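Chains H, C, P and A, in that order, are what the protein sequence lines are. Once you know that position 63 of the first sequence is 63 in my numbering, the rest is easy, because the numbers rise by one and skip nothing. Once you know that position 97 of the second sequence is 97 in my numbering, the rest is easy, because the numbers rise by one and skip nothing. Once you know that position 79 of the third sequence is 79 in my numbering, the rest is easy, because the numbers rise by one and skip nothing. Once you know that position 4 of the fourth sequence is 4 in my numbering, the rest is easy, because the numbers rise by one and skip nothing.
Because the hints were derived from the structure by calculation, they are not lab data. Please read all numbers here as calculations on a predicted model, not as lab measurements. Treat each hint with caution, since some may be false.
The list treats identical chains as one, so a pair stands whether inside a single copy or across any two.
In the DMTMM-like style, the derived pairs of lysine to aspartate or glutamate whose C-alpha atoms are separated by at most 20 Å in a straight line are [as the list claims (entries may be wrong)]: (1) K134 to D74; (2) K67 to E118; (3) K136 to D74; (4) K134 to E95; (5) K30 to E7; (6) K89 to D74; (7) K41 to E93; (8) K67 to E9; (9) K77 to E7; (10) K134 to E46; (11) K67 to E123; (12) K77 to E123; (13) K61 to E95; (14) K89 to E63; (15) K41 to D74; (16) K30 to E118; (17) K67 to D116; (18) K30 to E9; (19) K136 to E9; (20) K109 to E93; (21) K67 to D11; (22) K61 to E93; (23) K89 to E123; (24) K30 to E63.
4 protein chains.
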Amino acid sequence: MNMLSSEIEIDIRFSETDAMGVVWHGNYLKYFEDGREHFGKSFGLEYLTIFNSGYFTPIVKSEIDHKASVYYGDVIKVITRYIPSRSAKILFEYEVRNASTGQICATGKTMQVFLDRETRTMELLSPSFYEAWKQKNSL
Amino acid sequence: MNMLSSEIEIDIRFSETDAMGVVWHGNYLKYFEDGREHFGKSFGLEYLTIFNSGYFTPIVKSEIDHKASVYYGDVIKVITRYIPSRSAKILFEYEVRNASTGQICATGKTMQVFLDRETRTMELLSPSFYEAWKQKNSL
Amino acid sequence: MNMLSSEIEIDIRFSETDAMGVVWHGNYLKYFEDGREHFGKSFGLEYLTIFNSGYFTPIVKSEIDHKASVYYGDVIKVITRYIPSRSAKILFEYEVRNASTGQICATGKTMQVFLDRETRTMELLSPSFYEAWKQKNSL
Amino acid sequence: MNMLSSEIEIDIRFSETDAMGVVWHGNYLKYFEDGREHFGKSFGLEYLTIFNSGYFTPIVKSEIDHKASVYYGDVIKVITRYIPSRSAKILFEYEVRNASTGQICATGKTMQVFLDRETRTMELLSPSFYEAWKQKNSL
Chain H
1 MNMLSSEIEI
11 DIRFSETDAM
21 GVVWHGNYLK
31 YFEDGREHFG
41 KSFGLEYLTI
51 FNSGYFTPIV
61 KSEIDHKASV
71 YYGDVIKVIT
81 RYIPSRSAKI
91 LFEYEVRNAS
101 TGQICATGKT
111 MQVFLDRETR
121 TMELLSPSFY
131 EAWKQKNSL
Chain C
1 MNMLSSEIEI
11 DIRFSETDAM
21 GVVWHGNYLK
31 YFEDGREHFG
41 KSFGLEYLTI
51 FNSGYFTPIV
61 KSEIDHKASV
71 YYGDVIKVIT
81 RYIPSRSAKI
91 LFEYEVRNAS
101 TGQICATGKT
111 MQVFLDRETR
121 TMELLSPSFY
131 EAWKQKNSL
Chain P
1 MNMLSSEIEI
11 DIRFSETDAM
21 GVVWHGNYLK
31 YFEDGREHFG
41 KSFGLEYLTI
51 FNSGYFTPIV
61 KSEIDHKASV
71 YYGDVIKVIT
81 RYIPSRSAKI
91 LFEYEVRNAS
101 TGQICATGKT
111 MQVFLDRETR
121 TMELLSPSFY
131 EAWKQKNSL
Chain A
1 MNMLSSEIEI
11 DIRFSETDAM
21 GVVWHGNYLK
31 YFEDGREHFG
41 KSFGLEYLTI
51 FNSGYFTPIV
61 KSEIDHKASV
71 YYGDVIKVIT
81 RYIPSRSAKI
91 LFEYEVRNAS
101 TGQICATGKT
111 MQVFLDRETR
121 TMELLSPSFY
131 EAWKQKNSL
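Extracted from the complex, chain H is given alone in its bound form (with noise of 0.2 Å):
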């Protein structure tokens, strides 16, 4: 089985740091984000594809855990892995990490379902352009 993952580099904006000094721990959805955007870059899975086929693929499901502080000034590396699944949703985990030191600023994983863009319901079954997408990928 394969295992996909892509990596992106981020520069820290002031407007991103709190009166502790550091990176606002909700922040770190956005930096999930970028990863997930540079990963559908990468591989042929972005938000418009996907809302092009007709859905939406709305997070139902994040967790983040910290490791240590970010800084205004640091550059931080998201590594962002696709996690294989039988089921009609799509997991990633991801790694946040101080790009000069190597160091494991944080971690976390999302979870998102298929939304048919006009009715808004879940999607209980995977869809094809997404089971194409896998098969593809041999995942």
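Got chain H sorted already, so can you dock chains C, P and A onto it with the hints?
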């Protein structure tokens, strides 16, 4: 001529502060939005009313003048004043005050136009629902 | 044993929605923060109290489960429950409900630890002010 | 006299869009911040340099003019121009363009002052490190 204004109190969120320990400057546009929404609810000019009349009213211009810092734990008061105009625009002025001391922390302005919700083209003349609203409020 | 919980209503901001027309998933961590702050004010465990006792209490773990979408114009209710624990941690569980229908929109959890404000090292034992607070509330 | 400007490309984040399907207007202040930071890195006027010289440089005034919408999936280019001034201020002008079409989406301005990092009082005269920086760049 009538002068319409509304006033709302807002608790500062921790996530709205930055590494200088104060509210990040861009977040004042959220407070202006809160003020504008509260004005809308008070005087019947809400986003959803506008939307249901067939329009979006995007911000096309905004200005903020910062006079004093706002800290986490502070409560602010946003005073939103409607500025009458003959053109197909919605103009507001804002005052952000520290709710306990009354000190002015920021002032600002926004300008909105009317976009047809379907075509997303700008209306050169005021929509009739807006003219009716102005008349009703002697503006 | 005591069960402490608090409840707060929050108006959804337009800036908190995304291009799917619903609240962007990451913004629930802001609502949890609002809930936590409200809990703190209700029961004397505020950020500033903690800060003045010499500590930061950063979030080291957070989870969100999304059950239903929240739209602009909705009002939500956040119920924040304190979860007793013997370790040097602060644990909360959250429920986000649609304030008018009562429907559960999301649930979640956070874990906070105590950092010495000066050295930024983690406290392995509960600070005495926290033990006193727990005792006072029969937790 | 010299004209200093820098240019940076930015991918629009999904979380930066709103329920109108476009970038929420307040997020342009984040793009201006990205532009300013990139300018700072290019010409040696970074936040951390300023901080280490003993100053904060908070924004005291900002303006945005919106010319065209920006959508999710778009890439923008932010051009940041330093505006020379004799006073103890840092002035920038910004242009946000669609990176693929070149269309101007927004323009803007910011004004920053120098605060002593310890006393948080405003400097009426330009700090010497800033005068040296201007001289070095023939500004």
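Hint by hint, here is what the structure shows:
1. K134 to D74: neither (35 Å within a copy, 27 Å between copies)
2. K67 to E118: between (40 Å within a copy, 19 Å between copies)
3. K136 to D74: For K136 and D74, the Cα distance exceeds 20 Å both inside one copy (37 Å) and across copies (27 Å).
4. K134 to E95: Neither. Shortest intra-copy (23 Å) and inter-copy (35 Å) distances fail the 20 Å Cα cut-off.
5. K30 to E7: Within one copy only: 15 Å inside, 23 Å across.
6. K89 to D74: neither (33 Å within a copy, 26 Å between copies)
7. K41 to E93: Only inside one copy: K41 and E93 sit 17 Å apart there, 32 Å across copies, limit 20 Å.
8. K67 to E9: within (18 Å within a copy, 31 Å between copies)
9. K77 to E7: within (7 Å within a copy, 23 Å between copies)
10. K134 to E46: within (14 Å within a copy, 45 Å between copies)
11. K67 to E123: Answer is between; shortest inter-copy Cα gap is 15 Å, intra-copy 35 Å.
12. K77 to E123: Classified as neither: same-chain Cα gap 33 Å, cross-chain 28 Å, threshold 20 Å.
13. K61 to E95: Answer is both; intra-copy 17 Å and inter-copy 14 Å each pass.
14. K89 to E63: Result: close both inside a copy and across copies, 16 Å intra and 18 Å inter.
15. K41 to D74: between (24 Å within a copy, 13 Å between copies)
16. K30 to E118: neither (26 Å within a copy, 29 Å between copies)
17. K67 to D116: Between copies only: 16 Å across, 37 Å inside.
18. K30 to E9: both (13 Å within a copy, 18 Å between copies)
19. K136 to E9: For K136 and E9, neither the intra-copy (27 Å) nor the inter-copy (32 Å) Cα distance is at most 20 Å.
20. K109 to E93: both (4 Å within a copy, 19 Å between copies)
21. K67 to D11: within (19 Å within a copy, 27 Å between copies)
22. K61 to E93: This pair counts as both: shortest intra-copy Cα distance 12 Å, inter-copy 15 Å.
23. K89 to E123: within (9 Å within a copy, 39 Å between copies)
24. K30 to E63: Classified as both; 13 Å inside a copy, 15 Å across copies.
In summary, the structure is inconsistent with hints 1, 3, 4, 6, 12, 16 and 19 from the numbered list given earlier, while agreeing with the others.
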